[in-house]
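Colleague: Now for the letters of each chain:
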Amino acid sequence: MAKELWEGNAALAEAAIRAGVEAFFGYPITPQTEVLEHFSKRMPELGRVFLQAESEVAAINMVYGAACAGARVMTSSSSPGVSLMQEGFSYIACSEVPAVVTNIMRGGPGLGNVQPAQGDYFQAVKSAGHGDFHMIVLAPANVQELIDLTVLAFDLAEKYRTLAMIVADGSIGQMMEPAEMPPMRPVRPPEERPDWALTGAKGRDPNIITSLYLGAENLERVNLRLQAKLKKIAANEVRWKEYSTEDADLLLVAYGTVGRICQTVVREARRAGMKVGLLRPITLWPFPSKRIAELAEQVRGILTVEMNAGQMVEDVRLAVEGRCTVRFYGRMGGVIPLPDEILPELEKLDAECR
Amino acid sequence: MATVEIPEDMELVYKYPESLTERHTHYCPGCTHGIIHRLIAEVIDELGVRERTIGIAPVGCSVLAYYYFNMDFAEAAHGRAPAMATGIKRVSPGKVVFTYQGDGDLAAIGTAEIIHAANRGELITTIFVNNAIYGMTGGQMAPTTLPGQVTTSSPMGRDVETAGWPIRMAELIATLPGAAYVTRQAVFDVPGIRRTKKAIKLAFQTQLAGLGFSMVEVLSTCNTNWHMGPVEALEWAKQHMVDYYPLGDTKVIDEVKALAKGRK
Amino acid sequence: MAKGMVIIDEDRCKGCGLCVSVCPVHILRLAEGRFNAKGYRPVEVTDPEACTGCAMCATICPDVVFTVYRRRRQPRQAAATA
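Protein chains in written order, with this note's numbering: chain Z, 320 to 673; chain Y, 3 to 266; chain C, 961 to 1042.
The reader is advised that the hints may include incorrect statements.
[Stated by the list, open to error] Derived PhoX-like pairs: lysine-lysine, alpha-carbon spacing no greater than 25 Å straight-line:
#, chain 1, residue 1, chain 2, residue 2
1, Z, Lys560, Z, Lys609
2, C, Lys998, Y, Lys17
3, Y, Lys200, Y, Lys259
4, Y, Lys17, C, Lys963
5, Z, Lys521, Y, Lys203
6, Y, Lys17, Z, Lys521
If you're looking for bench data, these hints aren't it; they were derived computationally from the structure.
So that you can see chain Z by itself, here it is in the shape it has in the complex (with noise of 0.2 Å):
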């Protein structure tokens, strides 16, 4: 397929449409609402599902009913709905049914603005609701990775039968750039729903799905359940990409928007004779630790840079485990990070760790 001109959010939504999503339940709130508007045109058109639902906190309940039914489902929201769904998140995770959720970041806390921020990180990372699950968390740094990520997000989800969800904020959701859509999947018949679902217990005993185990070793046997998924999916699906690191003596670490922002800086301190080289994570959970741990042998000093202020940054610092510096830049309330100003830090780092 040829690339076209695509807005990010508009993007995304046609990219869940091509991945096969049956149904779509979303509330509107900036900067995501493009999103949900593209769904509520198309969704019909293909005789498919979207519902403007009452609530973020309705409508991540109806994203978890029509996962518990088997159909391929997802949800779309901005931090403060991000947070209102938590609920629903943790409910998922527990029972374990597959969703598509996205972030697009902007700035809080509270309120805040709509202006691209990650002040979400420990949220969709570590936090994600209450008691001990993780999302997979993807974070695209374009157009085209917004795309390919939200395809992948539906096959991880229910690979593992667990939540996904694309953090992006609204710079790349609302900007426009070429990129090409995959093709169109077929939507998965009913009668080809996976047999755990709730379809009518038709010639079978009843299915159940619930997030409730009232004996305590119940459900730590469930939580050991969920760990060992969770471990699988560390030791399989971490991806990053490397940008000028196989000689670096300086590492950056950033994702999404400043993530890109950083492979400027990267060929600007190149220019200027500093050998920077960039790691750009793109599942933020399971982090690429491993990978990170290595380049902290190769490296004198790592300056993790985020629109926040130092998140992601506890978790360089966890791989890094003392083996070389690390600092971080960050600038918060949806102002972004520019290349000159995090050229001066890496020259301070080089300075510092010389």
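Using the hints provided, position chains Y and C relative to the given structure of chain Z.
Modeller: Just chains Y and C now, with coordinates in the frame of chain Z:
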């Protein structure tokens, strides 16, 4: 059970419904949840839809309802059963979907979900069990607790000046265009139980006929947290609940009326 | 000859007494000095011959303890008075 010989000229007039599992319930002795479960099961048996019915259990005393119904079941987050039911029904339009919810679940934390599901005319059925108290957490004030009623969180009796008035959900839902059949019944005596069953049947038939949202509010008891015996609780409920929560239909659209007539 | 008959699944019974309160012929009571597997005094029939098979006990029972039988009506003499 010992085998008993049944004389040949005896016919079976009441038997264990197929739509219930054999599991004994965890409900307190005399709890009317058991009656309401059984009525739903009987209706599902009579309609012959067990194998395509999906139920949704709430949070509250009936959180474990999925153990007792012999059909596919999901357990929702507190108050979210109508949203979950919406999700299930929208992707499985041929199935029969119902929620079973208590008063805390439906009339407090899940108010938004029930109102909007009803307003959209979701083709689901809600069985709303109103016993004017939070049972599972040990007898706190519910949105439906009567004025002056003593609970563990209204120890001096519900003071409507500070706690607000009990909420009449059947009347509230009846105002919504998407609701096709809304009624309030009570399981305080045998005739009431029979009327409740009829209402539950009509509610499911409303769904099957694609006429819109249907809800049966069932006035119920909680003898344990009311601190009464089971029989005394039924009497208390008759004397005190029905005044505030009048029995009868609050919404029956013409198509449902025709349905009710047609089935006789 | 009894018009009806109930079979009691004793171990389901929680001794709540709702059936006792509605039986129109007052033939149900909670057992004295006897307990079921759950530790409740189960319901029992005092006079099986008086049972009418009305199923009111089954209708109000929260625990599906009762199975109820009723004697078939004798077929009417065909058109005897027509």
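Colleague: Hint by hint, where does the structure go against what was stated? Just the numbers, ascending.
Modeller: Per hint list: zero violations.
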